[in-house]
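Peer 1: Top line first, the protein sequences correspond to chains R and Z.
Once you know that position 314 of the first sequence is 313 in numbering that gives the first Met the number 0, the rest is easy, because the numbers rise by one and skip nothing.
Once you know that position 140 of the second sequence is 139 in numbering that gives the first Met the number 0, the rest is easy, because the numbers rise by one and skip nothing.
Keep in mind the hints are simulated off the structure, nothing from the lab.
Heads up, some of the hints might be wrong.
Which chain Z residues stay away from chain R? Per the calculated CB distances, all over 10 Å, these [claimed, not checked]:
no. : residue
1   : Glu-17
2   : Arg-96
3   : Glu-98
Covered by chain R, according to a simulated footprint, are these stretches of chain Z (three or more residues, beta-carbon under 8 Å) [said to hold, decoys possible]:
no. : region
4   : 105-112
5   : 117-124
We put the CB at the ideal spot given by N, CA and C, even for glycine.
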Amino acid sequence: MTLSPTRRNVLFLLLALAAALVLVDFGALALGGVHLSLGEVWAGLLGKHPGSEASVIVRNIRLPRILLAMLVGAALAVSGTGLQALLRNPLADPYVLGVSSGAALGAIVALWIGGRMASATPLTAFVGAVLTMSWVYMLGRRAGRLSSYTLLLAGVVTASFLSAMILFVLTLLSTRDVRGTAFWLMGDLSVVTDVQIKFITPAIILAIIALYAFSKDLNVLLLGEGEAAHLGVNVVLVETMVYLLASLLTGLAVSVSGAIGYLGLLVPHLGRMLVGNDHRTLIPAAAFGGAIMLVLSDTLARTVVSPAELPVGAVTAVAGAPVFIYLLRRTTG
Amino acid sequence: MNELQSITIGSTTHGAGELIADSVAFRFAQFAISPISLKARAGELTAIIGPNGSGKSTLLEILSGHLKPRSGSVFLDGQNLHTLSPRERARKVGLARQETILLFSFEVQEFVRQGRHPHLGNSLFESPEDDRWVEWALEKTCLQEFAHRRVMEMSSGEFQRAVLARTLAQRPRLVLLDEPTANLDIGYQVEIFRLLRQLAKSENFVGIVVTHELNLAAEMADYVVLLRGGNCLTQGKAEEVFQADLLSRAFRTPVLVDKNPSSGRPRVTWIAP
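Turn these sequences into a full structure, and let the hints steer you where they fit.
Peer 2: Here's what the structure looks like:
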């Protein structure tokens, strides 16, 4: 189905998706180790009965986590959408260019040196992400400009090298720390601080809006670099900016929550099924779709084996694979 | 018989409604295009023919203003195309080459809509005028019923019409097509060329086609340019260019040239080996 990209339709889409997101959020705030009623959730949000168990659960425990899930889900989904267009490859995901491996290595090195899961790991993870992003960018240039083909190759090679380095460092860690990093590597939304939220919220929102500004150019870029250039697109600028913004979104997401898989690959495709290929409707659909998906997955992760928690990356993978297979059968059937 | 023909262009007025290439030359590694000059008029169809590797596609890229020549300039309606920004150029020049069908399934009307991109300016969305031109382009190429079909589902001939529609939607003053009828059956070949010639007249743009279909070029083009090895062997009306000895040498195989009985235009036939 194709939703015609007009201003009115995009606004309508945004409102509908925001409403769906709010509903999902309420559900997520209510469910968990301790089930709350919607009334208690509402009271907790409004700040009534501060200090009550419900209020503490809602405001201090679940709300920050759900906020993080929304931001990270949106960031990964939009990053995946941008990279699928940039690389003209429906199998691209936010991790294909190695940024997540760089972030993971950064976090693990901090662990190795610091000796415990310090609060500095998001910082070192982000530094790792930025360094990898710059490295792959330099490697992916051909005759002074970005070529999607060499970029993909540079990213894949870098990712696999970094993964090998991660395994190497893992062998140097104590067993307890290894288990801790494994949990982080699979995606973990439980470690969230106010500082992190304060920093990544504006960063992710701004990056998504900036990427959206390139949505009409991304449509044309899908025709091919030569065709896009002949239609007046500044291919060098668009490719560079989309690369930077997508990598930034991935780096931000991974440095606070680890490498949550499948979202960045699947949500763009689900978005295409919902609204079509035009990025002017697809990017908003992906952003909200990613937020909704991750909040749902995280809620599942928290409740299914309560009081223990599954790593959210495991939930997205276990749920994601069948969804992907279903999509595959639908399009080829 | 002229081996090398060059037209000296007076440096005075470069008129409106014309494309003028003034001694454009190019070089890349072993490949070179010697200075070529030509003039193509609005409302007319010009064909560029020649063997593979003669520089036809490269010349087309230079004429589009996209590829910078080593020397010489290209003027459209008196304006030097290489001084324009890509977006300004895309508003005047439409270049369509061989395209692979996309991995992502766009609808035909979305595909044609891309032609309006150079006109969108800072706005993210199309204006009603843009929508009208998309409708117009679909109508001119008889694709209205296909508007909501997926581009991937079309046959090659239909897809080629869609590419033409997208180029038309740009409302260009210069339309350049690189082998628009490769891999198409005779019916589609004739249809595309006829459509091009008719549209060049009705919309008054300069139409330039690179093609291997020698007889279609002879039939439909108002002006023909024959290239070989980066040189212009000759250019002029079909009757002047389609000489058996010239073509035999250019294409490395003996041919004979007679007249198409239905139209009187030159017709090329290869001599049986």
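Peer 1: State for each hint whether it applies.
Peer 2: A quick look at each hint next to the structure:
1. Glu-17: Fine: 21 Å to the nearest Cβ keeps Z/Glu-17 off the interface.
2. Arg-96: Non-interface label on Z/Arg-96 violated, nearest chain R Cβ at 7 Å vs cutoff 10 Å.
3. Glu-98: violated, 7 Å
4. 105-112: Check passed, 3 qualifying residues.
5. 117-124: holds (count 4)
Violated hints, in rising order: 2 and 3; the structure is consistent with all others.
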